[in-house]
Amino acid sequence: MTGMLDHLIIMPILLPLVSGAVMLLLDERRRTLKAGIGIVTTVTLLIVSIILLRQADMPLAGTGGSAVKVYQLGNWPAPFGIVLVLDRLSALMLVLTSVLGIASLLYALARWHRAGPRFHTIFQLQLMGLNGAFLTGDLFNLFVFFEVLLAASYGLVLHGGGVMRVRAGLTYIAINLTGSFLFLIGASLAYGATGTLNMADLARRVPTLASSDATMFAASAAVLGTAFLLKAGAWPLNFWLPTTYAAASAPSAAMFAIMSKLGVYVILRLWTLIFGTEASSLAGFGGEWLLFGGMLTIVFGTAGILASQSLTRLAGCSVLVSSGTLIAAIGTGSGAVIGSALFYLVSSTLGISALFLLVELVERLRDPGADVLAVTMEAYGEGDEDYPEDEVGVAIPATVALLGGSFIACTLLLAGLPPLAGFIGKFGMMAAMLKMDGPAVQPSTWILIGLLTASGLATVIAMTRTGISSFWARMDDSVPRVRVIEMAPVLCLLLLCLGLTVAGGPAMRYMEATTQALQTPQDYVTGVLSAPRAGSREGGSGP
Amino acid sequence: MELIFALAVGILTTSGVWLLLRPRTFQVIIGLSLLSYAVNLFIFGMGRLRVGAPPVLETTEAIDPALFTDPLPQALVLTAIVISFAMTALFLVVLLASRGLTGTDHVDGREDVR
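Chains as they are written, first to last, in our numbering: chain A, 834 to 1376; chain B, 278 to 391.
What the hints contain is simulated information worked out from the structure, not anything from laboratory work. No experiment lies behind these values; they were computed from the predicted model shown. Even for Gly, the Cβ is constructed at its ideal location relative to N, Cα and C. Any given hint could turn out to be false.
[Unchecked claim] Counterexamples of contact, computed for chain A against chain B with all Cβ distances above 12 Å: (1) Val873; (2) Leu879; (3) Tyr987; (4) Asn1009; (5) Phe1014; (6) Leu1030; (7) Leu1042; (8) Pro1251.
[Said to hold, decoys possible] Heads up, incomplete: computed chain A residues facing chain B, CB under 8 Å, no partners named: (9) Arg863; (10) Leu866; (11) Ala984; (12) Ile1008; (13) Thr1011.
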C-alpha cells in the first residue's frame, strides 16, 4: 500500500496544528469562521481516526498477529529516527479523543467559546498534543507532546477567567511542571541506562542489560511511573485533580476526561512493552505498586464522591475512581482483565465527559446563586439580566425530562449498572479477576472486587442524592433554557455508550485483540525496528 | 569534575524543592526554575561527561565513536530548556493574574489565618 494512505498516520497531528495556527491569524471577532474551521477539523479528525482504526484492526496476512503501522518522520529508520506508531491501542485512543473533541467543541459553541480569547486555537492544540502522545513511538517525543497538551490545557483551565480558575490553575501548573521534570529525569535515566529512547528499542534492550544498568533502568522506570501516575491521578498524587476539573469550564473539563486516561495509556503501553516479557529480570516490575496504588485511588475517589457537595466535584472524583480502577486492572497483569478494562476505559471516559457537560445544564435548574453558576457569571462579569444564553433562545422541549434521563444514564454508566456499557466493562473485569489466580482467589483480588462494587454503590448513592435535590426538590418550577447545541453533545455521548452495549460483541473482540497485541510485545518491537524506509527500493544505499 | 557536577545538580535540586514548597508564588517560580536547571544538567550528565570531545560526527573519514561525545542529550537539553522557559513564562502570567485577582501572593490565594 503506497500513496496518501501511508501518510494518514500523521494527519491527527498535522490537522489540528495547521488549523490552530491558521485560526491564530484570524481576528478574534470572526467567531463563526473560527467555529466552522474548528468543527470541520474535528470532524475530519474523527473520519481519519476511524480509517486508522480500521487499518490497525486489519490482521496481518498469514501470521494472525497484529499489524503495527510505522511512520518514519524524516525517513530515518528506528531507532535512529523519530517514528510514529499506530496499533490497535493508539487507534482506539485516537477515536476516543476525536469523539470527545467534537462533543466538547459543539457544546462550547453555545457560549463558552466567547468567554475568552483564542479558545479555538488552544482547543486544536490540545487535540494535537493528545493525538501526538497517543501516536509517538519514542519517549522524548512523548515528553514533547505531553508539554504541548499541558500548555494547551493550562489555557483551557484558565478559559473564562475568574478567581477560582486562576487559583486552581496555579496549583495545576505547578504540579504538572514538577511532573514534567520527573518525566525528564526518568527519560534521561532510561537513556543513560540503555542508550536509546525509542520504546521498541527499549523493550529489546532492557532484558539484556547488565545488572548495574538494570538497577538504573528500574530507577528510571520508577521515576517515569511517578510522573505518569501523577497525570493519571493516582493517590496520593491526585489532590489537585478534582479541584482543577471542577474549576474548569464544562467543555474543557469534558476534554480533560481523556487527559487522565493518557497517563493510564502510557503506563499500559510502556509497562506491557518493557516489563511484560518473561525473559527480562525486571519482568512485572512495579506491578504490585500499580495494583495497590490503584486500589487506594479507588478508596480515595469513592470517599470523595460520597463527600462531594457540588456535582462538578463529584464528576472530578469519578475521574479518580475510573483511573484507580484502570490502574489496578493493569496491576493485575492479567490479559483478560486488561481487555475488559479497556472496554471500561472507553465507556467511563464517554460517561464522565457527558457528565461534565451535563452538570452545567443541571446546575441551571438550581438556585441561580448556586456555586458553579456563580463562577460562570463572574467569568462574564455580568449579572442575571443579560445572561448570554438569552440572546438565542431556541429552548428545547421537555428539557427537564431530557436532563433527568441523561443524568440517570450517566449514573448507570459510572456506577456500572446494566443495561449500559459501564456494566459490561466492570462485569468483565470482575469475571476475569475471579479466574486469573486459578481455583484459589487471592485476598487482594477479593479486596479489589469488593472495592469495584463499593465504588459503584457509592456512585449510585451520591448521584441519587444529587439527583433528588436537583430534579425533585426544586424550589421553583421555572424551566431552564437549554439549547439544542448544548444538549446534543451530551445525548450523542450517551448514545455512543448505548451503541457500545448493543455492539458489545465486536467492541469486546477489538479490546481482546488489543490486549493480545499488548501481551506479545515482540510483534510491536519487530514491527517498529524492521520497518522499511520509504522509497528504499529505488535508492538502495542510504546516506 | 564528576564531583562538582553532581554537587551542582544536588544543590540546585535541594534549593529548588525547598523553594517549591514555600508559600509565596514568587518562591515557587524560582524553585521551578532552579529545578529545571538541575534537570537540564542531569540530562546532560546522562550522556556521560567528556572533556574536549566534539559532539558532531564528521562524515569525511572513517569514524571512531569513542572520539566524540554523545550529541543526543545535548539536543534533548536544548528542547527541555525551550519548553521549561516557555512554561515558566506562562506560569509567571498566571502568578500575576492570581496576585491581581486575589490581592495576595500566597499560593492558596489567601493568607494563613492564625
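Non-conforming hints, listed in increasing numerical order: 3, 4, 5, 6, 9, 10 and 12
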